[in-house]
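J.: Chain by chain, the residues run as shown.
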Amino acid sequence: MSEPVVSMRQITHAYDQKKVLNNVNFEIPRGAFMGLVGPNGGGKTTLIRILLGLLKPNEGSIKLFNQPIHKFKQWNKIGFVSQKANTFNRGFPATAFEVVSMGLTAKIGYLRFFNKQHKTLVLQALDQVGMLDYAYENVGNLSGGQQQRIFIARSLVNDPELLILDEPTVGVDYENVQRFYDLLHQLNDKQITLLLVTHDTGTMTEHATDIVCLNQTLHFHGKPEEYTSLSKEDLSRFYGHPVNIVTHNH
Amino acid sequence: MLADFFEYDFLRHTFFTGILIGIIAPLLGTFIVVRRLSLIADALSHVTLAGIAFGMLLEKRLGFVLLSPLYSGMAFSVLGSILIEKLRSVYKSYQEIAIPIILSGGVGLTVIFISLADGFNRDLMNYLFGSVSAVSQQDFYTIAGISILIIAVVALFYKELLTLSFDEEHATTSGIHAKRIHLLFIVLTALVIAASIQIVGVLLVSALMTLPVAASMRLAKGFKQMLFLSVVFGEIAVIIGLIGGYYLNIPPGGTIVMTAIMILLLSIGVKRFSFRYKKAGETNGYEGSN
Ligand SMILES: Nc1ncnc2c1ncn2[C@@H]1O[C@H](COP(=O)(O)OP(=O)(O)O)[C@@H](O)[C@H]1O
Ligand SMILES: [Mg+2]
Chain R
1 MSEPVVSMRQ ITHAYDQKKV LNNVNFEIPR GAFMGLVGPN GGGKTTLIRI
51 LLGLLKPNEG SIKLFNQPIH KFKQWNKIGF VSQKANTFNR GFPATAFEVV
101 SMGLTAKIGY LRFFNKQHKT LVLQALDQVG MLDYAYENVG NLSGGQQQRI
151 FIARSLVNDP ELLILDEPTV GVDYENVQRF YDLLHQLNDK QITLLLVTHD
201 TGTMTEHATD IVCLNQTLHF HGKPEEYTSL SKEDLSRFYG HPVNIVTHNH
Chain U
251 MLADFFEYDF LRHTFFTGIL IGIIAPLLGT FIVVRRLSLI ADALSHVTLA
301 GIAFGMLLEK RLGFVLLSPL YSGMAFSVLG SILIEKLRSV YKSYQEIAIP
351 IILSGGVGLT VIFISLADGF NRDLMNYLFG SVSAVSQQDF YTIAGISILI
401 IAVVALFYKE LLTLSFDEEH ATTSGIHAKR IHLLFIVLTA LVIAASIQIV
451 GVLLVSALMT LPVAASMRLA KGFKQMLFLS VVFGEIAVII GLIGGYYLNI
501 PPGGTIVMTA IMILLLSIGV KRFSFRYKKA GETNGYEGSN
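Protein chains in written order, with this note's numbering: chain R, 1 to 250; chain U, 251 to 540.
For reference, chain U alone in the conformation it holds in the complex (with noise of 0.2 Å):
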């Protein structure tokens, strides 16, 4: 079933993505969800569509391919994840609202890059669900060095990161620069945001940001444990939905998100089972212990 996968060198550079994006995409989500900032990474990736968009308007009006789509997109979802760092520290007791506005700020600029550009020839939708056959070869080696990166970043600031999100007056007061490492964690938001969102799609990819790690965290004792559970359930969903969406001829976005939901829908199950099965367990005479 893999065959064609390492037959095409289109589909292998796919598939190695996906690889990468299955572990830095839920291993940022876990540190999103745990938060509450969910929504923040679809504001992102709608701003990511926006700097997308521009990269094909320019691609089209020079006539030339000035860079890839990839850059500009980024370049966008950095700089609007900065914006909403900003706009959350002037809006601070309505912090949430930054999201709104970068999502919609995002949706407007898209719109009227596209009809500056009179539509494109390369099929935007493919940014919308994601596509198996996006990724370049020079898109490969981008992502794969910003994986490397994210990677090193999160390991490095592991415990500042963790300390934060758990409780972040006393983050504060023990000493650790909130600020600067909130805005380095959005960063880092932002690059995953736009690495993934050829595989996996603008609409879908805050999906397996958040699916995995929302699986893993019914089932995990403590942090680490969840993190690492998280990773394997979104290298799992990638792996099953390329493969799914390649030969059912549907954009992978779709089939990966749907095996996540499928993930998280068995996790569920097994927690409610383990469950009983305890429950039956110290009622069966378990429970005389002290």
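Isolated chain R (complex conformation) (with noise of 0.2 Å):
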């Protein structure tokens, strides 16, 4: 089997004196379309900061792409589409467009300027989540399923090789989410790692082909037919508090 894309080791980590991981090792295999469920304040948006670099644990080792992430430069093979991305400025006057390329400045780099290829590539993200013909609107007056979208295209256009999304669908309505997942499919057979941060687990269990369930620690890491077939007993114990998995039949 192929090296894991992202490998955490023994992660702990507290924010001042309330602990929110606790030793959570966890691994994304290449090719996967990895679940992160739990419940709210479980640490899901912390191990992603964490994993991201933008937050250094307490205690833990992390591997990106067989790197160290310290040592670890190609920041542009992962994509993020952070949970304030719903919360953005809405009032900032900048076109789908100009959002889209913003995905492409670390790339291009310093002192050097956006042409006609890095033009291409943005309609082709564009074009990918079926945004293109919103290119040239305010992404403030866009609704929110269509931000999302632009969003995910701003990843896109750095063709990346693992795409992270913490609570895409949060505010999205349900016909946009089951496009969402369609969209996030075409994308996985495409040889993107895929890891999905969400609580409506019910949507997950049955789009993924990994779930891993965070509750300070990590409580489950397997397949979605192991999740659902768990007892009521077992999942109330991840919880914290008794819960029903919600299948949609559709």
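No wet-lab data here; the hints were simulated from the structure. Treat the numbers as computed from the prediction; the structure is a model and nothing was measured. Virtual Cβ for every residue (Gly too), placed ideally from N, Cα, C. Mixed in with the good hints there might be a few duds.
Claimed, not checked - A partial selection of chain U residues facing chain R, derived with a Cβ cut-off under 8 Å:
hint, residue
1, Glu410
2, Thr413
3, Gly425
4, Ile426
5, Met467
Said to hold, decoys possible - Quick list of in silico lysine-lysine cross-link-like pairs, DSBU-like style, CA-CA up to 35 Å:
hint, chain 1, residue 1, chain 2, residue 2
6, R, Lys63, R, Lys73
7, R, Lys77, U, Lys342
8, R, Lys71, R, Lys190
9, U, Lys342, R, Lys107
10, U, Lys336, R, Lys56
11, R, Lys73, R, Lys116
12, R, Lys190, U, Lys471
13, U, Lys429, R, Lys63
14, R, Lys18, U, Lys429
15, R, Lys19, U, Lys342
Now that you have both chains on their own, put them together as the hints suggest.
T.: Right under this line is the structure:
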């Protein structure tokens, strides 16, 4: 089996005195469509921020594409759509085209200019998420689901090998959630490894190839079939309160 | 009407300097506004005033012109901007506290320098509200050099500045050196403020950086268009304001800012009008396309 794209060992982290992650071991196999689920406040976003080098954990080691994180330089291999993407400054006057082109800024590099080839890449990324028609609209005027696509396109424009999405479906209506998963499958078929963070466990189990359940520690790491066959008692223990997995039939 | 501006050297220098700051002030102002840092411009303008007072104090005490107060103003402004960035990283969760600290520090120093000098023979009022006669030939050349530098640096770092302003977290994760770019940006801002101060004055320089942006923000599609429109509005405000100020014998800071406010009000009106027009269009049956 090929090397995992992400490997995190014995990650422990506390904000001030409050422990949020406790000895978490976690790997993402190349090509996976991994769902990271768990209750609100379970430490999902914290884990992602550590993975991305935005936060230094109290303890533990991280390898990205088989390199220790402090040596890792190819950040454009990793696309990230943050939870905050939902709450960006809507008044910011930037067109969808401009937002997606920002994905290329670091790749183009300092003292170099955006050129025709870059423009083609941006338009392709917009096309890939079905937003080509809105290229020259201000992003602030688009709907939540459309904005989400624009932010995904901003990552895709770099041709990432790993795409991380933190709660991307919050505030997106049912029909658009379905379109959104279709898009994710398309990307996964093109060999992009996906890490999708959500607390919508039901939908997740229908789509992911791997499920990880996090609440301070890792409670589950396995296939969706195994996850759905867990007993209610097990799940309640993970979540700290009783839960039902809702599966949508369609 | 423009004739005087070309006949007299001092007016000509003022006029061309005005044209330059009409470009650079809204240019940086656009980034300042979208990053919600409008008050930083105010803080830096007061530090610049302290620098100017310091230059004038040296001039008076030493009895000869060491260098134009423009230079000491610039030096203070740049130092103040670096200090702001430092304070902002010290007070991570209260970043705006850097602004009153620097602003009051600037005013405090100004007062001390003025009293150490026992008042100035040159009118400090010129620096508060701007003046049509304050720009010397040497100042003009300095400001022209600075303007070229600023435009070049903004052009070179445009994509980084925009990316960082829009989403700092994303910019950082993609590998952009946020801290260095911030520092570069704030130093440029300090230079723009020092360059603009003789014409618009300490109290109104932030207005020239933000009002044209506020007006164009409502009309523009996208950031580039907003930047372009801001410069156009800034330029109109400076030209009308300078000429008006000269003929009405009013400090140009006042006339420039009032012109900018007129433009802002017009832009709000235009937006309202086009919005209503569009709505009317829609109810007339343009909507049934899907
Ligand atoms: N910057 C922070 N400072 C202090 N506490 C934080 C911070 N960020 C998150 N937390 C706390 O850490 C816990 C885990 O948060 P988070 O990782 O965002 O969880 P999730 O994404 O699973 O909802 C929460 O209790 C949250 O309040
Ligand atoms: Mg979260």
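J.: Look at each hint and say if it fits the structure.
T.: Now the hints, each set against the structure:
1. Glu410: Holds, because the Cβ-Cβ distance from Glu410/U to chain R comes to roughly 6 Å (cut-off 8 Å).
2. Thr413: holds, 4 Å
3. Gly425: holds, 4 Å
4. Ile426: holds, 5 Å
5. Met467: Since chain R brings a Cβ to about 6 Å from Met467/U, closer than 8 Å, the hint holds.
6. Lys63/R <-> Lys73/R: With Cα atoms ~12 Å apart, Lys63/R and Lys73/R stay inside 35 Å; holds.
7. Lys77/R <-> Lys342/U: The given pair, whose Cα atoms are some 30 Å apart, holds under the 35 Å limit.
8. Lys71/R <-> Lys190/R: It holds: about 27 Å lies between the C-alpha atoms, which stays within 35 Å.
9. Lys342/U <-> Lys107/R: holds, 28 Å
10. Lys336/U <-> Lys56/R: OK: Lys336/U and Lys56/R at ~22 Å, within 35 Å.
11. Lys73/R <-> Lys116/R: holds, 26 Å
12. Lys190/R <-> Lys471/U: holds, 34 Å
13. Lys429/U <-> Lys63/R: With Cα atoms ~25 Å apart, Lys429/U and Lys63/R stay inside 35 Å; holds.
14. Lys18/R <-> Lys429/U: At roughly 29 Å apart (the allowed maximum being 35 Å), Lys429/U and Lys18/R satisfy the hint.
15. Lys19/R <-> Lys342/U: Holds: Lys19/R and Lys342/U sit about 22 Å apart, inside 35 Å.
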